[in-house]
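Asker: Sequence lines, in order, name chains D and X. Residues 1 to 428 (this note's numbering) are what the first sequence spells out, left to right. Residues 1 to 178 (this note's numbering) are what the second sequence spells out, left to right.
Possibly wrong hints are sitting among the right ones.
Listed next, the in silico DSS-like pairs over lysine-lysine satisfying Cα-Cα at most 25 angstroms (straight line) [to be verified]:
| # | chain 1 | residue 1 | chain 2 | residue 2 |
| --- | --- | --- | --- | --- |
| 1 | X | Lys-14 | X | Lys-36 |
| 2 | D | Lys-267 | D | Lys-182 |
| 3 | X | Lys-2 | D | Lys-47 |
| 4 | D | Lys-290 | X | Lys-2 |
| 5 | D | Lys-72 | X | Lys-2 |
| 6 | X | Lys-36 | D | Lys-47 |
Only part of the chain D face toward chain X is listed, based on derived beta-carbon distances under 8 angstroms [as the list claims (entries may be wrong)]:
| # | residue |
| --- | --- |
| 7 | Lys-78 |
| 8 | Val-186 |
| 9 | Ser-252 |
| 10 | Thr-298 |
| 11 | Gly-373 |
Bear in mind the hints are in silico, worked out from the structure with no lab data behind them. For glycine and all other residues, C-beta sits at the position ideal for the given N, C-alpha and C.
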Amino acid sequence: MGQTIAEKIFAAHLLDTPTPNNMVLDIDVVMCHEITTPIAIMDLMEKGMDRVFDPNKIKAVIDHVTPPKDSKTATQAKIMRDWSRRHNIKDFFDIGRNGVCHALFPEKGFIRPGYTVIMGDSHTCTHGAFGAFAAGIGTTDLEVGILKGVCAFRAPRTMKIEVTGDLQRGVFAKDIILKIIKELTVNGATDHIIEFRGSVVEQMDMSSRMTLCNMSVEAGATSGICLPDKVTAEYLWPFIQNDYDSVEAAVSEFEKWHSDPDAAYEKSIIVDVTDLKPQATYAFKPDHVKNIDELAGTRIDQIYIGSCTNGRIEDLRAAASILKGRTINEHVRAILTPATPLIYSQALDEGLIKIFMDSGFCVLNPTCGACLGMSCGVLAEGEVCASTTNRNFNGRMGKGGMVHLMSPLSAAAAAITGEITDPRQFLE
Amino acid sequence: MKEFGGQAFFIDRKDINTDEIIPAKYLTENSKKALKPHLLEDLHIKNNGFDPHDKELQEAKVLISRTNFGCGSSREHAVWALEVNDINLVIAESFARIFRQNMFNCGIMAVELKAADIDKLFSLQGKVIITVDLDLEVIKATEEGGDQKSITCGFSLNPFDLQLVKTGGWLAYADQNY
């Protein structure tokens with residue numbers, strides 16, 4: 001019997017099997033941010049266990065509330081900063097170099113095909129886009145990861161989702177994943193790894209693959225994963241060029257991780273996206289999804305473009321393509337948060353920031369900010385936001401607020417009209 | 001090992017997420033105790049005047065809910081918010097993976113029961129007391145007043161999760177073994 005990519009990665013990292021269904025894995029990258037890590041650091045210090053298994057395998061960033069908004073968040077940042085210095089964690093990203101973890105760490109080349117990756121953050125599944133097994137964990141798992149470089153998971157069960165057809169103009173990876181979550185429901189993939197396959201995924205750039213994998217947790221999945229290929233190798237090339245003679249050589253090496261043709265899947269689904277329209281969520285769960293035209297006319301107070309789901313340069317380009325030469329509706333305020341300094345800088349070079357600012361957007365530094373209602377764009381009671389983020393939970397962006405999740409293009413269209421709008425009417 | 005069981009509090013909704021259990025604005029706290037007053041602060045139940053300051057919730061040692069309890073954010077703060085409120089057990093039809101693992105990692109329990117058994121628990125009246133027999137893998141729910149009706153349900157724990165509970169959590173287990 002053949003193996004899936006997840007089974008291959010598990011087998012290659014297996015340290016212990018306390019039961020046949022429970023596997024303890026060696027972890028290649030332990031990522032840390034300032035919301036879930038400081039409390040782990042404090043606990044380890046109290047227990048006399050303030051050690052790290054390998055400072056080179058720990059990547060740390062301050063991203064959720066940055067620059068700090070108050071004394072408490074300043075303290076969290078300080079705990080991270082002091083800890084990183086104390087343990088010689090070289091890959092620590094502080095103000096000026098920091099960005100949203102799941103956009104920043106891929107950009108630094110930290111994630112490679114076949115890796116195991118954990119972080120005290122549910123959207124760690126984003127990194128599955130590189131053909132890695134990447135999973136969100138809690139603080140106790142993070143403590144053990146920091147201390148021992150290991151983490152326990154149940155034996156992998158894989159669900160294959162084949163995305164086929166021809167994606168229409170104005171429809172993006174975000175629309176596809178919202179549609180998939182609607183089909184699966186919010187717990188349809190619990191305890192499963194979703195393997196994204198099919199011609200549409202093969203044609204996607206890394207940014208789109210990250211968007212797909214990022215939201216697999218919203219269907220309950222342990223992670224999403226894509227097979228590493230030429231697109232992956234080309235993205236990673238600046239970081240791997242000393243390891244391989246050519247991109248082709250890297251691609252052929254990556255193929256060892258590919259699922260075997262006779263691998264067993266618990267479930268296989270085919271999603272044809274040819275007729276897919278732009279999607280948006282309503283109410284308070286990410287599986288409450290409709291075609292955007294069914295929600296057209298819903299009045300919006302705030303637009304938010306950013307986050308680990310859709311704050312990358314491709315997302316900014318899509319939004320700017322229709323904001324160019326237009327201004328946002330007078331009753332909305334719009335916020336852009338490029339996800340990393342590199343994206344911000346690219347957007348400046350490409351003239352995108354000027355387009356956003358001329359249209360009336362407020363442009364913030366890279367941060368998670370408003371996505372989880374911690375800073376930089378919290379909603380008031382009764383307010384409605386069109387957002388490129390990943391969760392529309394009740395209270396997520398501020399108590400009593402309502403979030404409609406959608407693609408960057410759809411969010412830009414909402415900014416122009418002040419209401420939920422099918423963005424395709426603005427495409428030339 | 002901790003004691004499991006006690007007075008139950010029923011939450012009749014599925015897909016309760018960790019933002020509802022503990023909102024993100026409290027994630028800047030660096031002590032678990034500080035989470036205590038904010039348990040379930042943002043819980044949203046349609047047409048049900050749920051009050052996070054309900055006296056019965058404050059007395060509860062056990063939560064009983066429906067499917068996909070603890071979905072969303074990985075924040076272990078959701079488990080700590082339960083822990084510092086002396087809740088040692090959540091019973092539900094199913095759990096989100098990270099929340100379930102965080103519970104066992106902290107040495108407390110997330111027990112899944114069949115939908116029919118959850119329905120039976122919800123049918124009990126008045127104060128309900130839960131007792132747990134870990135060896136037999138049986139939960140008993142008894143009405144405190146009235147006709148003191150009682151229901152017994154079998155469950156099945158992942159043996160590794162049981163081991164974590166017996167060891168006092170994943171940090172202790174990992175420190176002993178790896």
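Asker: Honestly, which of those hints from before does the structure not fit?
Answerer: 4, 5, 7, 9, 10
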